[in-house]
Amino acid sequence: MAITFTPAATRHSDRGGPAQPMLIVENLRKHFAIKADRIGQPGQTVKAVDGVSFAVAKGETLGIVGESGCGKSTLARLLMQLMGADDGSIVFDGDAVGEARGISVKELRRQMQMVFQDSYSSINPRLPIRDTISFAPIVHGMPKTQARALANQLLERVGLDPRQFGGRYPHQLSGGQRQRVNIARALALSPRLVVLDEAVSALDKSVEAQVLNLLSDLKDQLNLTYIFISHDLNVVQFIADRVLVMYLGRVMEVGPVEEIYKRPRHPYTRALLGSRLSMDPDERMATPPLSGDPPNPVNPPSGCRFRTRCPFAEDVCAGTLPSLADVGGGHQAACLMADPRSGHSRAGEFVEESLPC
Amino acid sequence: MTDSTLPLARIEIERSAAVERGYWRSVLGRLRHDPTTLVCLGLLALIVLAVVFAPLLAPHDPYATGISRRLKPIGTAGYPLGTDELGRCILSRILYGGRISLFMGTFPVAVAFVIGGALGIVAGFYGGRVNMAIMRVMDVFYAFPSVLLAVGVSGALGGGMVNGVVSLILIFIPPICRIAESSTTQVRNLDFVEAARASGAGAWPILRTHVLGNVLAPIMIYASGLVSVSIVIASGLSFLGLGVRPPEPDWGLMLSTLRPAIYVQPWVAAMPGVAIFIVSMCFNLVSDGLRSAMDVKM
Amino acid sequence: MLYYILRRILYAVPIALGVSIVCFSLVYLAPGDPLQTLLPDDTPPEAVAELKAKYGFDRPVPMQYLFWLGNVLTGDFGTSIGTGRPVIEEIGRALSNTLLLGACAVAVAFTLAIIIGGVGGYLHGKVSDKVVTSIAIFGVSVPNYWLGIILVIVFAVELNLLPAVGMGKSGSQGFGLDLESLKYLILPTITLALVPLGIIARTVRASVAEVLGHEFVQTLRAKGLSERGVLRHVVKNAAAPVLAVMGLQFGHLIGGSIVVETVFSWPGTGFLLNNAILRRDVPILQGTILVLALMFVLTNLLVDLLQTTLDPRIRRA
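Chains as they are written, first to last, in our numbering: chain S, 1 to 357; chain L, 1 to 298; chain R, 1 to 317.
Just chain S, with the same shape it has in the complex (with noise of 0.2 Å):
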């Protein structure tokens, strides 16, 4: 009965091999009607997720970042396939998600798993925390007392004792050892890769540096590859290795997390970054960097979706959506500053201002 704890690649078979990114998506789009309030008026829609594309190579962590509405919540929940998509594309190590000559979507669930955002209503409050975390094997016809076993590894794995915790409830835990469990339980199928959706945005701030090193060890053991949800910039400068802007449904900006950080290409991207609380005095800022919340996203502006909060907005802002530009190392960004050919009166010039990081 001894099961041991072997890394994911030897379980899974790693078929595109090491250069075929882990997960490539492509154009997706989700958007949610809205009923209308009046007659005679048509219904509106949520654009939440509105043209996403991005590639997650294998054992990198992608951090996502933006603030509350911008659809970062909505996309981990089409990776997942919780929700449909109604465009776009998902390649999950090379085997197209959903197609006839693809990779089912049962079988998707196995390699990646999810942790989620709020460590209360993400754990049945009936269940001992050891039987949440050995449904999924259950399910995947793994014999119970072997699955319970793997809980008990798994539970031991994340620092919790499973003498101790294996039979307790969720709400004789503490937050931080709740979103352990929550780990945990996504570790149980042996994933390949795990999206993580604001997965310490609720904890105190020791215990989010415990379970942040508890991730990074994770990874580091089981060879898995992260996409890592949060609207903590410093929260993903530590754990990413590369990291994708969202606003307002779209991508602003994608990168290595030293360009992202010290090179930021977007408007908004500097004002996400400029608007980090700093210690030091002479950093102090009399204005804050961006102004206002994020406009509705039923009704997104036209063209680029920043410009009624951006300082260098012009009237090409309107008219044009920009997309993704590269701007060297391994670089994008989608504003029409970063493309010389784009009409902006700024376009091309490289607005560099050293941010303090």
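The hints are simulated quantities; they were obtained by calculation from the structure and are not laboratory data. For clarity, every value in this text was computed on a predicted model and none was experimentally measured. Beta carbons: idealized from backbone N, C-alpha and C, even for Gly. Don't take every hint at face value.
[What the hints assert, rightly or not] Simulated coverage check for chain R against chain L, where a stretch passes if three residues somewhere in it have a Cβ under 8 Å from a Cβ of chain L:
1. 100 to 108
2. 132 to 144
3. 151 to 163
4. 278 to 291
[Unchecked claim] What follows is a list of derived Cβ distance ranges for each label pair:
5. L/202 to S/238: 32 to 40 Å
6. R/69 to L/129: 50 to 58 Å
7. R/70 to S/45: 58 to 66 Å
[Said to hold, decoys possible] Far from chain L, some chain S residues (derived; all Cβ distances over 10 Å):
8. 15
9. 32
10. 97
11. 113
12. 131
13. 202
14. 213
15. 220
16. 238
17. 308
18. 312
19. 326
20. 328
Since chain S is already given, all that's left is putting chains L and R on it; use the hints.
Positioned in the frame of chain S, the structure of chains L and R alone reads:
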């Protein structure tokens, strides 16, 4: 050294054992501190025992009539609660009648719990068109005041105990279904059900492991509150001449046949109603106590 | 807002149709041939044939329903087996008596419930809490037919203060606005009002206590608003849930009236229904239930609309 660490270790173990006790244990713990509920539970247990052992406890044959001893007052020797219009012993008839009343209180609710609960859970879990189809039909039945529907259905069917049970089941399905649907919809949208779906589980394992455990308690609590309603309506149907037929000793029917006697022996005539009231109130209070012990908000 | 109201009204139409289908099928629930159920036993064969054609009993069931619905919509509910009079006439006369009794019970129950529950919630002490809860438990547990009998025993038999049954002297069917007639109204009103009184008082107490516990009330008090001003806010916020329960309790009143009217021989729809059951007068049974159920649908619609004007949050749901 070892002497001082040993008790500490034991305390640790005891505490973790206390923490590990399940949900139902904590419910029992809370019930133990609720005197009203305990008293009612005890009273109900006594009533159930009395009714089950009615043949041993009843002083007389509940069907034995006697012209010479009609409408004797309460306290008559041998007839502690008096006699009815045909000279039958009221106490014996109330004891035997409890069998019918308890059955009419629990059986229709139990059947409606199974049918309405299943329909509501299915509607809540699958949502969409399934939900629409089930809940719109329920809305129609919900649009009837329950007593009116019970009277209408059993009146059209022609009375009798079986028809009474059918009509009671019919009126309890819609409200139970609604509660089941709304609790299931709530649970279905929680992240742990999403997480279960994300693990690749099909509908049945998710229902069994993650949904049922969380919705059964509120549905059961709600249904337990209907037991007293069922007893009152069932006796009401008998009172209207729609339920149990004479000469069966049913509390509602006894009230009805004793009604002309209120000018002769008013308090004897009120006795069967006392029985209905006590049982109905006990069930109500027990249901309320269970609700707070199980911490169910509705 | 207008859109919501229209949608809510449109939504009531299929419900009303569903109610009519259920009432229509009551005849088919009855054992035996539906035509026989609807006619006296001694009806001559030619009359049977005529009615068969008129009500479409020779057609398939869905057609029969449409026939029946058409007749009902034009006010033809059939003929009473017991009296031979049109059902609509019988119901009309009884309904006015039921409405009188119902209106009195509603007035008593709702007013007392708001006072008792409001005071209980506002003082939110242990004692007032217990009193209101006890009244509520008593209200939901007591069988109202038995309560009626007890009241008759106490006030009519033992004390001889009030009349036991009927609606006026010498079995009169009309109601006069004199003191004598009023006496006949007292006991049935109390009996009918008690159940809703308990349940509504409990809801009022709970919602008043809940609103008072909200932070915005503390803010109002901190701002120096007078207790009367605070009370106005509380009433505004507690009204919606109370209204919802009141709407439901109106249904209980309709149901309760059946047994209460039977106990007091009050010549309303409940009494009519009871007689119809004893005589197996299915046309009356069907017609009365349809009219009462439609009244309930209409009340619920009104309550819903009133509730949305009071609490704009409900509109979205």
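Taking the hints in turn, this is what the structure says about them:
1. Residues of the stretch 100 to 108 of chain R with a Cβ under 8 Å from some Cβ of chain L number 0, which does not satisfy the need for three, so the listed coverage is violated.
2. For the stretch 132 to 144 of chain R, the assignment as covered by chain L holds, since 6 residues bring a beta-carbon within under 8 Å of that chain's beta-carbons and 3 suffice.
3. Counting residues of the stretch 151 to 163 of chain R whose CB falls under 8 Å from any CB of chain L gives 4; the rule of at least 3 is met.
4. Look at the stretch 278 to 291 of chain R against chain L: 6 of its residues bring a Cβ nearer than 8 Å to a Cβ of that chain, three or more, so the hint holds.
5. For the pair residue 202 of chain L and residue 238 of chain S, the supplied restraint of 32 to 40 Å holds, since their beta-carbon distance comes to about 38 Å.
6. Range check, residue 69 of chain R to residue 129 of chain L: about 27 Å between beta-carbon atoms, so the 50 to 58 Å window is missed.
7. Here the CB-CB span from residue 70 of chain R to residue 45 of chain S is close to 44 Å, at odds with the stated 58 to 66 Å.
8. With a closest Cβ-Cβ approach of about 19 Å to chain L, residue 15 of chain S is found to remain outside the 10 Å limit, as its non-interface label requires.
9. The non-interface label for residue 32 of chain S is consistent with chain L: the shortest C-beta to C-beta separation is roughly 15 Å, beyond 10 Å.
10. The claim that residue 97 of chain S lies off the interface holds: its Cβ sits roughly 13 Å from the closest Cβ of chain L, which is beyond the 10 Å cut-off.
11. Not every C-beta of chain L lies more than 10 Å from that of residue 113 of chain S, the closest at about 7 Å, which undercuts listing it as non-interface.
12. The non-interface label for residue 131 of chain S is inconsistent with chain L: the shortest C-beta to C-beta separation is roughly 8 Å, within 10 Å.
13. No beta-carbon of chain L comes within 10 Å of the beta-carbon of residue 202 of chain S; the shortest separation is about 12 Å.
14. Consistency note on residue 213 of chain S: stated as away from chain L, and its beta-carbon is indeed over 10 Å from all of that chain's, at 23 Å minimum.
15. Residue 220 of chain S, annotated as away from the interface, keeps every beta carbon of chain L farther than 10 Å; the closest lies near 24 Å.
16. The claim that residue 238 of chain S lies off the interface holds: its Cβ sits roughly 25 Å from the closest Cβ of chain L, which is beyond the 10 Å cut-off.
17. For residue 308 of chain S, the requirement that its beta carbon stay farther than 10 Å from each beta carbon of chain L is met, with the minimum near 33 Å.
18. The claim that residue 312 of chain S lies off the interface holds: its Cβ sits roughly 40 Å from the closest Cβ of chain L, which is beyond the 10 Å cut-off.
19. Interface exclusion of residue 326 of chain S from chain L stands, the closest Cβ pair being 34 Å apart, more than 10 Å.
20. Residue-level check passed: residue 328 of chain S sits 37 Å from the nearest beta carbon of chain L, beyond 10 Å.
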